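Visitor: Here's the letter readout for the chains.
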Amino acid sequence: MRTRLNNNRNGFLFALPWIIGFLVFSAYPLFSSLYYSFTQFNPVSPAKWVGLQNYRLMFQDPLFYKSLQNTFIYALVSTPLNLGIALCLAALINKKFRGRGVARTIFFLPSVIPMVASTMVWIWMFDPTYGLLNNTLSKFGIHGPAWLTDPHYTKAALLIIGAWCTGTTMLICIAALQDVPNSYYESAEIDGANAFVRFMKITLPCVAHVVVYQGILNLINAFQYFTQVNVILTASAGGANAVGSGGPENSILMYPLYLFYNAFTFMDMGRSCAMAWVLFILVGLLTILVLKINKRTLSNGMGGE
Amino acid sequence: MSTRTVRMVKSMIKYVIIAGLCLIFLAPFIVMITTSLKTMDDAFTIPVKVFPRVLTLKNYPDAVQRIPYFRYMGNTAIITALTLVGQLIVTPMVAYSLSLIDWKGAKVISALLMATMMIPYTVTMIPLYQIWHTFGLTNTYAPLIVPAFFGNSFYIILMRQFFKSLPKSLMEAARIDGANEFQRYVLIALPLCKPALTTIGIYTFLAAWSDYLGPLIYITKKDMFTLSLGLQDFMSQYTIEWTMLMAAATIFVLPTVILFAIFQRNFVEGISTTGIKS
Chain L
1 MRTRLNNNRN
11 GFLFALPWII
21 GFLVFSAYPL
31 FSSLYYSFTQ
41 FNPVSPAKWV
51 GLQNYRLMFQ
61 DPLFYKSLQN
71 TFIYALVSTP
81 LNLGIALCLA
91 ALINKKFRGR
101 GVARTIFFLP
111 SVIPMVASTM
121 VWIWMFDPTY
131 GLLNNTLSKF
141 GIHGPAWLTD
151 PHYTKAALLI
161 IGAWCTGTTM
171 LICIAALQDV
181 PNSYYESAEI
191 DGANAFVRFM
201 KITLPCVAHV
211 VVYQGILNLI
221 NAFQYFTQVN
231 VILTASAGGA
241 NAVGSGGPEN
251 SILMYPLYLF
261 YNAFTFMDMG
271 RSCAMAWVLF
281 ILVGLLTILV
291 LKINKRTLSN
301 GMGGE
Chain X
1 MSTRTVRMVK
11 SMIKYVIIAG
21 LCLIFLAPFI
31 VMITTSLKTM
41 DDAFTIPVKV
51 FPRVLTLKNY
61 PDAVQRIPYF
71 RYMGNTAIIT
81 ALTLVGQLIV
91 TPMVAYSLSL
101 IDWKGAKVIS
111 ALLMATMMIP
121 YTVTMIPLYQ
131 IWHTFGLTNT
141 YAPLIVPAFF
151 GNSFYIILMR
161 QFFKSLPKSL
171 MEAARIDGAN
181 EFQRYVLIAL
191 PLCKPALTTI
201 GIYTFLAAWS
211 DYLGPLIYIT
221 KKDMFTLSLG
231 LQDFMSQYTI
241 EWTMLMAAAT
251 IFVLPTVILF
261 AIFQRNFVEG
271 ISTTGIKS
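Residue numbers (the numbering used here), protein chains in the order written: chain L, 1 to 305; chain X, 1 to 278.
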């Protein structure tokens, strides 16, 4: 009895920093941002209740839809793209060979370095005249586009940067591949299944749960995509901060960026809290949806075997 | 063709593909370093060459004088160091409570840890700003450092997994010897968790060193900038001083690459375990 009480006291005391942090830095902000979304406020004027006005104005705002559309396009293309690349890289260096460690390091390195620095290098590489990318393309007779100023190509540029940063997902895919029992492959080989069939029938089902989980994380991250676009837009504005620009024809006005502008450029923090809650609900719904679909396909897959 | 030659050809093809991919992934690093060794004229001469026509080291001293580079670096280092102190003190404490103390709250807190990781930063960003603003602490490093002293859900989960893998008998033995909870924590748990602590330390270092959004929101005074904000100083409305910028970026990137090179194993293991287990 005494130890129980002691345990409860000790457990509480050891966890106390996190409990305080949770209340102050997570729980309180979570609910107060819901409250703020029904108010008009900024740092210099106190919150004033305005009911649903923020939401009403938001749903009439064409830039809101534009940013939502941009974000959806980016999320829905980048997630399968990044997963595919990560899985391919992982499959390629899964088996032991000389230089495997070096290759793994190189594929992972982009995920280690500061994103601001790497984004700046990419801006330089995307330079239509002096950048490495177009100069390499021209060697193959391809006339490269103005990646960051032509609205048809800006999202492609972002996808390229994103695909370059799939190292973390790749590492997790390698770990998942290592868990697939070797005996599965051996018996499949005896049955005469070729590499492609083996990959589709053994590897994919075995790592499916990991891939789906990584997919959800990728999706959530895509909906919070901010740093790269902000650095790109800052560079094109000549180093000036938060200028409220969304790139050529607002083609890279991502949702979190527009939210950020609303808060810190237009000083309309109530509106940006409303945007944040719409995003929160959307991401939550998407996560549930992906999990549901996954459950069905996974159980179907099991039944079909 | 015999099966052996087929195998050889196959592995050759694989090597070529992997080498090509490595080159593509390394390209931005190569461009960053080679551009930093070029003169401005060289970088803007057609046809563009990857390697400098004239090798120059001048961009490095120029870059650190053109902007208050060492000041920015010092600022970044202070934030990083204090964040590290916070995370390294608090993470094992909380993780210990959740894994090695048998108490009522452990389950609830473990569930809440997962839940807090699902909250997008955009939702809490503005109320958090409001809190710091109310206390007059914007344009100080408090908003960037203080939260580290209250733990981070991801790191705590990582550390909790580690503690759970420790043999129970160690703690039991210490308990029978009459060691109290605090002594068991300091004398047994802490020394054992060094590998996990290293992993968390690396993650914390990288996150703090590279942080962009935090300083962007809270720091507007130029002499308080971190490196990720300060690199913008090379940009003006008419031109970007690419050669100096790339030199500055190289110095900025270097500590992270060195750290990664030294602690690669911790890295890979940390990521792999969290990715699979969760």
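Everything labelled a hint here was simulated from the structure, so no lab data went into it.
Just so it is clear, the structure is predicted and the values come from calculations on it, not from any experiment.
Hints are not guaranteed to be accurate.
What the hints assert, rightly or not - In silico contact screen, one side only, chain X against chain L (beta carbon under 10 Å); selected entries:
1. I46
2. D102
3. N139
4. T140
5. Y141
6. Q161
7. S165
8. L166
9. L170
10. A249
11. N266
Stated by the list, open to error - Taking lysine-lysine and the BS3-like style, the derived pairs with C-alpha atoms no more than 27 Å apart in a straight line are:
12. X:K10 <-> L:K201
13. X:K14 <-> L:K139
14. L:K295 <-> L:K201
15. X:K107 <-> L:K201
16. X:K107 <-> X:K222
17. L:K201 <-> L:K96
18. L:K155 <-> L:K139
19. L:K95 <-> L:K201
20. X:K10 <-> L:K95
21. L:K66 <-> L:K155
22. X:K58 <-> X:K164
23. X:K222 <-> L:K96
24. X:K222 <-> L:K139
25. X:K104 <-> L:K295
26. X:K49 <-> X:K104
27. X:K107 <-> L:K292
28. L:K292 <-> L:K201
29. X:K194 <-> L:K95
30. X:K194 <-> X:K168
31. X:K14 <-> X:K107
32. X:K221 <-> X:K194
33. X:K14 <-> L:K96
Stated by the list, open to error - Derived list of chain X stretches under chain L, where covered just means 3 residues or more per stretch with a C-beta under 8 Å from a C-beta of chain L:
34. 16 to 28
35. 61 to 67
36. 122 to 136
37. 216 to 230
Heads up, the beta-carbon is just placed ideally off N, CA and C, and yes, glycines get one too.
Visitor: Now tell me, hint by hint, if it's right for this structure.
Guide: Outcome of the hint check:
1. I46: holds (7 Å)
2. D102: holds (6 Å)
3. N139: Violated - the Cβ of N139 of chain X stays beyond 10 Å from chain L, reaching only about 12 Å at its closest.
4. T140: violated (15 Å)
5. Y141: For Y141 of chain X, the interface hint is violated, since the closest Cβ of chain L sits about 16 Å away, which is over 10 Å.
6. Q161: This hint is violated: Q161 of chain X lies away from chain L, its Cβ roughly 14 Å from the closest one there, beyond 10 Å.
7. S165: violated (16 Å)
8. L166: At 16 Å from the nearest chain L Cβ, L166 of chain X fails the 10 Å test, so the hint is violated.
9. L170: violated (17 Å)
10. A249: holds (4 Å)
11. N266: With Cβ-Cβ at 12 Å, over 10 Å, it is violated.
12. X:K10 <-> L:K201: holds (22 Å)
13. X:K14 <-> L:K139: Status holds; Cα separation ~25 Å.
14. L:K295 <-> L:K201: Status holds; Cα separation ~18 Å.
15. X:K107 <-> L:K201: Cα-Cα ~38 Å, so violated.
16. X:K107 <-> X:K222: violated (45 Å)
17. L:K201 <-> L:K96: Within the cut-off at roughly 22 Å; holds.
18. L:K155 <-> L:K139: holds (24 Å)
19. L:K95 <-> L:K201: holds (18 Å)
20. X:K10 <-> L:K95: holds (14 Å)
21. L:K66 <-> L:K155: holds (13 Å)
22. X:K58 <-> X:K164: Distance ~53 Å between K58 of chain X and K164 of chain X Cα, so the pair is violated.
23. X:K222 <-> L:K96: At roughly 50 Å apart (the allowed maximum being 27 Å), K96 of chain L and K222 of chain X break the hint.
24. X:K222 <-> L:K139: violated (43 Å)
25. X:K104 <-> L:K295: violated (32 Å)
26. X:K49 <-> X:K104: Distance of about 65 Å is beyond 27 Å: violated.
27. X:K107 <-> L:K292: Within the cut-off at roughly 26 Å; holds.
28. L:K292 <-> L:K201: holds (22 Å)
29. X:K194 <-> L:K95: violated (30 Å)
30. X:K194 <-> X:K168: holds (18 Å)
31. X:K14 <-> X:K107: violated (48 Å)
32. X:K221 <-> X:K194: violated (38 Å)
33. X:K14 <-> L:K96: holds (12 Å)
34. 16 to 28: Held - the region 16 to 28 of chain X has 8 residues with a Cβ nearer than 8 Å to chain L, which meets the minimum of three.
35. 61 to 67: violated (count 0)
36. 122 to 136: holds (count 11)
37. 216 to 230: Since three or more residues must qualify, the claim that chain L covers the region 216 to 230 of chain X holds, with 4 doing so at under 8 Å.
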